[in-house]
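**Student:** Now for the letters of each chain:
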Amino acid sequence: MRPSLLLILSCTVWGQERLVPLLKEHCGACHLGTQAQGGLSVDSLEALMQGGKHGPALTPGASGQSLLVQYVTGEKTPRMPLGGTLQPGALARLRAAIDSMPATPVAARRDSHFEWLLRTPAANAPTPSGQNPIDGFVSSRLEKEGMRMAPEAPRRTLLRRISFDLIGLPPTPEEMRAFEADSDPKAYEKAVDRLLADPRYGERWGRHWLDLVRYAESDGFAIDGERPTAWRYRDYVVRAFNRDKRYDLFVKEQIAGDEYRGKDASPLGDRSVALGFLRFAPWEADANSKKQLRQDLLNDITGTVGSVFLGMTTGCAQCHDHKYDPIPTKDYYRLQAFFAGTATADLPVAFDEVERPPEMRQRMRQHEDAAEAAQTALDGQREELKERYIALMKVGPEDDGLKKFLGRLNTRNLFFLEQDLPLVKEPEWREPLRAYFATRDTMQREQELARRYQALAYTVRDVAPPAAPDVPDTYILAGGDLAARSEKVEPGFLSCVTGSSAAAEIPFGGGSNGRRLALAEWIASPQNPFTARVMVNRLWQRHWGEGLVRTPSDFGKNGEAPSHPELLDWLAAEFVAKGWSVKAMHRLMLSSAAYRQGSVHPEQAAFAAKDPTNRLLWRMNWQRLDAEALRDSILAISGRLNPAMGGPPVLFNVPDDVAQGFEFFKWFPSSEVEQRRRSVYLIQRRSVLLPMAETFDAPNLSTSCARRQTTIVAPQALTLLNGSLTRTEASHLAELAMGTADPVGEMFWRMLGRAPSAPERAQGDTLAAQGNPGLASLATVLFNLNEFLYVE
Amino acid sequence: MDRRHFLFGLSGAALSHLEAGTHHPAKADACIFLAMLGGVSQIDTFDPKPKLAELNGKIMDWSKEKKTDQPNLFAKPRKFVASPFRFQRYGQSGREISELLPETAKWADELAVCRSVQSDNGNHPAAVFQMNTGFIIPGSPSMGAWVTYGLGSANQNLPAFVAMPDFRSIPFSGAQQWGSGYLPAEYQGTVLRAASEPIRDLASPGDVDQKLLAAEREALRTMNGAYRVQRPDNPDLQARMDSYELAYRMQMEVPRVLSIDAEPEKVKDAYGLNDPATASFGRRCLMARKLVEAGVRFVEVFTPSQSWDAHGDIRKNHEKNARETDKPIAALLADLKQRGMLPRTLVVYMGEFGRTPDTPAEQETPGRDHNTRCQSMWFAGGGMKGGSTIGTTDEIGHKAVENVYHMHDVHATILHQMGLNDLRLTYYFGGRNRRLTDLGGRLIKELQS
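Heads up: the protein sequence lines correspond to chains P and F, in order. Residues in the first sequence are numbered consecutively from 1, following the numbering used here. Residues in the second sequence are numbered consecutively from 1001, following the numbering used here.
Certain hints may be false.
To be verified - Taking beta-carbon pairs under 8 Å as the criterion, some of the chain P residues facing chain F (in silico):
(1) Ala92
(2) Pro282
(3) Gln375
(4) Thr376
(5) Val658
(6) Ala659
(7) Leu718
(8) Glu787
As the list claims (entries may be wrong) - Below, a list of computed lysine to aspartate or glutamate pairs in the DMTMM-like style, where the Cα atoms sit at most 20 Å apart:
(9) F:Lys1320 / P:Glu663
(10) F:Lys1051 / F:Glu1395
(11) P:Lys488 / P:Asp219
(12) F:Lys1320 / F:Asp1394
(13) F:Lys1316 / P:Asp400
(14) P:Lys610 / F:Glu1362
(15) P:Lys578 / P:Glu145
(16) F:Lys1079 / F:Asp1275
(17) P:Lys404 / F:Glu1362
(18) P:Lys24 / F:Glu1402
(19) F:Lys1266 / F:Glu1103
(20) P:Lys403 / F:Asp1313
(21) F:Lys1211 / P:Asp765
(22) P:Lys403 / F:Glu1364
(23) P:Lys291 / P:Asp400
(24) P:Lys583 / P:Asp264
(25) P:Lys263 / P:Glu521
(26) F:Lys1106 / F:Asp1269
(27) F:Lys1320 / P:Asp193
(28) F:Lys1079 / F:Glu1395
(29) P:Lys425 / F:Asp1275
(30) P:Lys404 / F:Glu1364
(31) P:Lys404 / F:Asp1269
(32) F:Lys1027 / F:Asp1109
(33) P:Lys291 / F:Asp1120
(34) P:Lys290 / F:Asp1120
(35) P:Lys610 / P:Asp219
(36) F:Lys1320 / P:Glu418
(37) F:Lys1290 / F:Asp1313
(38) F:Lys1316 / P:Glu418
(39) F:Lys1445 / P:Asp400
(40) P:Lys666 / P:Glu490
I should point out that these hints are in silico values taken from the structure, not numbers from a laboratory. A quick note: this is a predicted structure, and the numbers were derived from the prediction, not measured. Ideal placement from N, C-alpha and C gives every residue a C-beta, glycine not left out.
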């Protein structure tokens, strides 16, 4: 079956721009226009598809089967171009262009994978069995292979596992001792419930969500301007997890909080702040083309909504029909049309009670006052500099050099000032200028701080009638190019799900255009085949280290097929049946034997040979602590983690040259006490990542991160051996341990939740004999242990 | 398991490349990329335009140009600006180079110049992203990361990819310019500072007794060893232990490689280390040579962010920046040549875009604005044809008209010289195989030897 011309044209702007000129250059002498040899003209893709007397010159998606390639390579004769050969580079590009065309029309791509995926989980009606159906599904699959699960892990391992899993911190020695001594058969369930009720649960799981939504508190690009109140979204997410907000509502609030009027609607603050989700893309504030900037934002939203909520790589259909999944480009733009009336906005939204409004007001005033005082001082210093210039340079007050000098005082960076005005390097200028810039730093810092406490939501609003004449039209853009508008489209859901390309019904008009709400309702519905599956898979992934689908944001053809499709379906149906409760899913998963099994199997070697990547779940996976859990745990173990929740971001220390090196902003670190807060509260500034987090595989903040990498590199060792975090906390831990009856034992308990073995005790005692520095060294060693970094 | 699997070198997907060898025999083992941030004016360096002397001060007609890189600047009348710098022919090739670069000019016959490189965006941040990652938006791996992913490291005790920004003014988006994007973190560039601690956390803490440090090391080995023995199934445990041994070796190796003090005074002088104007760039050029000599694959040296951005005064700006970089670059070429390293080391000199032949008419001191339609860049060594030139711009130096190349083509050529095929160097991410050159670049064949 031949793909439609439009498909091909939209798929390869590159083809139009580079393939056709290439062919014209080499083949144009004989194959152009109406007199073309053999009826084949190469002057457009259309003409190539039309072909000549032998048929179409191109077979999209298969260069080897394309007549054009067969003639060019000499596989068919006469070899083309006649009397010459195409250079290998040109041939490679030709092949690549043809291979990148979609092979079959997307609508026809309904294979068994999609037959399964496009039925709702409930419709697949998996049959649960056993006390915890998870174990029924896992065991029956293992039995088919003659395998079985590993025995339950020791208690110590289990408490460590659920503690890191749920709150991202190790159990305290007291918790560990109490748990090991608890003879209640429900001890484990009690521990799970305690951790789920702990507010630090929201901090841990909120951070997972922030990875997905490419959360950042700055724009990126050159200016990388701060988004001073974006943190309210972070706190909204933390609260949502702690309160076990229904997931369907969580979805609706982030896509259409402003348009949602349901009975269970949250306060306006939450609904408005949640929409920050739509705005976290990098933003080129000084972009030359505002139209392109808007289009870039729409593209980001279209792709992110698809991958985060639907687990479909919708972004791949921006320039051409999806190459693997049944998503035509048209659907991409129909999906995008839901956001056509959406504009970015910073709106005044009062702080909710839990956001501590009086404190916010007071802090804002305090910083505003300080900024004002600094401004007054700065004006004075500026006047003094002016006088000094007049005196030293012996010029009048209207002198051009003076004006330039004063203008340059507004420059952002001493380096640029020196570049423009070499005179400032003179000794008599150094000190007064240093003082002037110090005051200006104070002013800027206070202004920045004040902005973070404003009652503003980093959000979006609708631009729709009556505020605007109409919602802007959406067009298919060939090759994603704004200049290449083709068919106009209406908002519509994925046609592979609905079976039609009809426009979506928009629930209401009025002050809001209702489009996003229509989309949100469609996504957050039990009838949507993707939503529940994708979310339960994400939860599973965080507990087991790998999802049942190991490509958590790509459920399509090119992702990994599910290891246990029936289990996935059952979990998804159960998720909906339990009112989309995330905590209910945690309880269900954590109570399973599949979760509670050990990470080593008695028949390790035999089973590992059969299933080396543990897809069938015959043991628990190992997990290395992620950057946040690692940093937070080190602080918690030394007893110095600052537990304060929420509020404006914390700025960590960076080397001076980094702090001063950016042209458009300066870096003002927070106080030492503030810097000891949990990692989720550290500022997520795109151009300045926490070096320790970067080394330990933190996301890059520009695109959605569904799964962190786990690399093992020497700089990680250097960070933990020599970095200030471990060394500082090690000496605090030493001090703390010194005050206990058994310093060495205390350290092992705090760090690993157990007493030291005899050899460890001996080694510890040797170091401890050296007093505080020796104990600090022992602490450093323990922070570097595999047993500390890996959760079994 | 070979230890390079978990240092800066290779893992997983990339391994298949190495086992298969490079895609084709490499011409260069290493690349030194000299990033001229802000954008060097081609008209005032490698692409003389006598016609501009004739047109100087006349009003330029932009009405026929649909797109411009900086709409605000181009909305008003603009006038032509002749180059304030004299050109002269150098070397056997008779290459024309302006008086701005007298030292580089001595190496005219080593340079392979392309005068027709175009790019996609006339805004600095987007353009710098494209120069470093191929794409104008953030999130993609840098070219150094791609090379490392493809080739791994040649010295397991050093990072394979080193970035040396000028900390007086860091490139836009900082570490993202040498980041690994969606590639695993091990491929990201390691920042080397010219300061006392070249790599973050490299040195052991100064306030801890040497004996204690040795005892720490011993305790860590024993405890990790005992733990691993009971869990033989997890290869990561051994890998992590080995990464510590590597870290200890790096602590010895890096300071040794980077010790500049031991260099002869003559060498220091040649790189301009004794002159405040050239010291910063010169020091980093010298470090680049030492790193490449020790087996580092990719070194990127940056000028300060936007340093060449000569909107206000082309003469003053370019004189200053040329003064800071010309001598160190010439010294680098001389040093590489003298040590016999130049044939296997690819040196690349380019900015994020070129500059315009004109300036706003109202502006008293002439400057030049951003120009994505052409820039002059050069390669040296690494299998490129010294003395060759390709690409023609129109008579005013406004855009490339013949043998036009794109930033992707520069990237494809760099990869090619290093033994990698840009179409085959891919990484699966976000639903498709990604490349440095997106849909592929063209090799700049005319400059390859």
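**Student:** Please work out if F:Lys1316 and P:Glu418 have their alpha carbons no farther apart than 20 Å.
**Tutor:** Roughly 14 Å separates the two Cα atoms, so the pair holds.
**Student:** Please verify whether P:Lys583 and P:Asp264 have alpha carbons no more than 20 Å apart.
**Tutor:** holds (18 Å)
**Student:** P:Lys263 and P:Glu521: Cα distance at most 20 Å?
**Tutor:** holds (14 Å)
**Student:** Does P:Glu145 lie within 20 Å of P:Lys578 when you go C-alpha to C-alpha?
**Tutor:** violated (32 Å)
**Student:** Holds or violated: P:Lys291 and P:Asp400, Cα atoms, limit 20 Å.
**Tutor:** violated (40 Å)
**Student:** Regarding the pair F:Lys1316 and P:Asp400, is the alpha-carbon distance no greater than 20 Å?
**Tutor:** It holds: about 18 Å lies between the C-alpha atoms, which stays within 20 Å.
**Student:** Under the criterion that the straight-line Cα-Cα distance not exceed 20 Å, is the pair F:Lys1320, F:Asp1394 satisfied?
**Tutor:** Violated - the C-alpha atoms of F:Asp1394 and F:Lys1320 are around 28 Å apart, more than 20 Å.
**Student:** What's the verdict on P:Lys488 and P:Asp219, does the C-alpha distance respect the 20 Å limit or exceed it?
**Tutor:** violated (31 Å)
**Student:** Can the restraint linking F:Lys1079 and F:Glu1395 be considered satisfied, given a maximum Cα separation of 20 Å?
**Tutor:** Measuring from Cα to Cα gives roughly 15 Å; hence the hint holds.
**Student:** Between P:Lys610 and F:Glu1362, does the CA-CA distance stay at or below 20 Å?
**Tutor:** With a Cα-Cα distance of about 77 Å, the restraint between P:Lys610 and F:Glu1362 is violated, given a limit of 20 Å.
**Student:** Could you check if P:Val658 really has its C-beta closer than 8 Å to a C-beta on chain F?
**Tutor:** With a minimum Cβ separation of about 7 Å from chain F (threshold 8 Å), the hint on P:Val658 holds.
**Student:** Taking 20 Å as the top limit, are the C-alpha atoms of P:Lys666 and P:Glu490 close enough?
**Tutor:** violated (45 Å)
The earlier numbered hints that this structure contradicts are 3, 4, 6, 11, 12, 14, 15, 16, 23, 27, 31, 35, 37, 39, 40.
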